[in-house]
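Residues per chain, in single letters:
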Amino acid sequence: GAVVSQHPSWVICKSGTSVKIECRSLDFQATTMFWYRQFPKQSLMLMATSNEGSKATYEQGVEKDKFLINHASLTLSTLTVTSAHPEDSSFYICSANRGTPIFGSGTQLSVL
Amino acid sequence: DQQVKQNSPSLSVQEGRISILNCDYTNSMFDYFLWYKKYPAEGPTFLISISSIKDKNEDGRFTVFLNKSAKHLSLHIVPSQPGDSAVYFCAASDAGGTSYGKLTFGQGTILTVHP
Numbered sequence: 001g002a003v004v005s006q007h008p009s010w011v012i013c014k015s016g017t018s019v020k021i022e023c024r025s026l027d028f029q030a031t032t033m034f035w036y037r038q039f040p041k042q043s044l045m046l047m048a049t050s051n052e053g054s055k056a057t058y059e060q061g062v063e064k065d066k067f068l069i070n071h072a073s074l075t076l077s078t079l080t081v082t083s084a085h086p087e088d089s090s091f092y093i094c095s096a097n098r099g100t101p102i103f104g105s106g107t108q109l110s111v112l
Numbered sequence: 113d114q115q116v117k118q119n120s121p122s123l124s125v126q127e128g129r130i131s132i133l134n135c136d137y138t139n140s141m142f143d144y145f146l147w148y149k150k151y152p153a154e155g156p157t158f159l160i161s162i163s164s165i166k167d168k169n170e171d172g173r174f175t176v177f178l179n180k181s182a183k184h185l186s187l188h189i190v191p192s193q194p195g196d197s198a199v200y201f202c203a204a205s206d207a208g209g210t211s212y213g214k215l216t217f218g219q220g221t222i223l224t225v226h227p
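These protein sequence lines map, in sequence, to chains A and B. Under our numbering, the residues of the first sequence are numbered 1 to 112, in order. Under our numbering, the residues of the second sequence are numbered 113 to 227, in order.
To be clear, the hints were calculated from the coordinates, so they are not data collected in a lab. Even for Gly, the Cβ is constructed at its ideal location relative to N, Cα and C. Fair warning: there could be bad hints in the mix.
[Claimed, not checked] Keeping only pairs whose Cα atoms sit at most 30 Å apart, straight-line, the calculated BS3-like set for lysine-lysine is:
#1 A:K41 with B:K150
#2 A:K64 with B:K150
#3 B:K166 with B:K150
#4 B:K117 with A:K64
#5 B:K183 with A:K41
#6 B:K150 with A:K66
[Unchecked claim] Distance ranges between label pairs, derived from CB positions:
#7 B:S163 with A:C13: 39 to 45 Å
#8 B:D143 with A:G61: 44 to 50 Å
#9 A:T80 with B:D113: 26 to 32 Å
[Stated by the list, open to error] Chain B side only, calculated, beta carbon under 10 Å to chain A, not exhaustive:
#10 Q118
#11 Y148
#12 P194
#13 G195
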């Protein structure tokens, strides 16, 4: 079946550094991908919609300059958390549509 | 403003019995509903979905019921198995065009199935 691959699965970084997360659709093309995050014991919250070849659309309250999204090809979207701080520590998940939304395995980000 | 609500944080069921997970929504524009199963530190796995033009969809042990007038849906798992133990999320979408796949999730319900 269709697979969405996300990398890395976990990352630990120092405060102030930037972290890039990759999301790939392995056997299908995705002109649109979605980025969510989940804080402990909370629901998944949509952060932004990644559009191939154009700017991402951010949900209210999500800082576009902090969470940079690039969707340069039909199979790859990246999320870069710039100048990460401890409050950015969260579980980040991407999804793409293949009939139904399919999710990647997620990235656990811990900022020290 | 929580547009999708799962009011039961947890549910405990004995193996072989029925598990019923509930979900309520407030946005009348939602027309497609999905249930996902999730383990900690993993992405959600799709279980079953239902369009707003239907009131029931069945797939093996899983059945989803939709009551549009009440803005309520439920997931029935029969018979429940210990391997079903996980967090279950209800999600909704106003499907169509590129908005499809833009999901609003409930808070999740932790299901524990005891042997």
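Problem set entry | Violating hint indices (sorted, rising) | Checked against the structure, the hints that fail are numbers 8, 12, 13, while the rest are satisfied.
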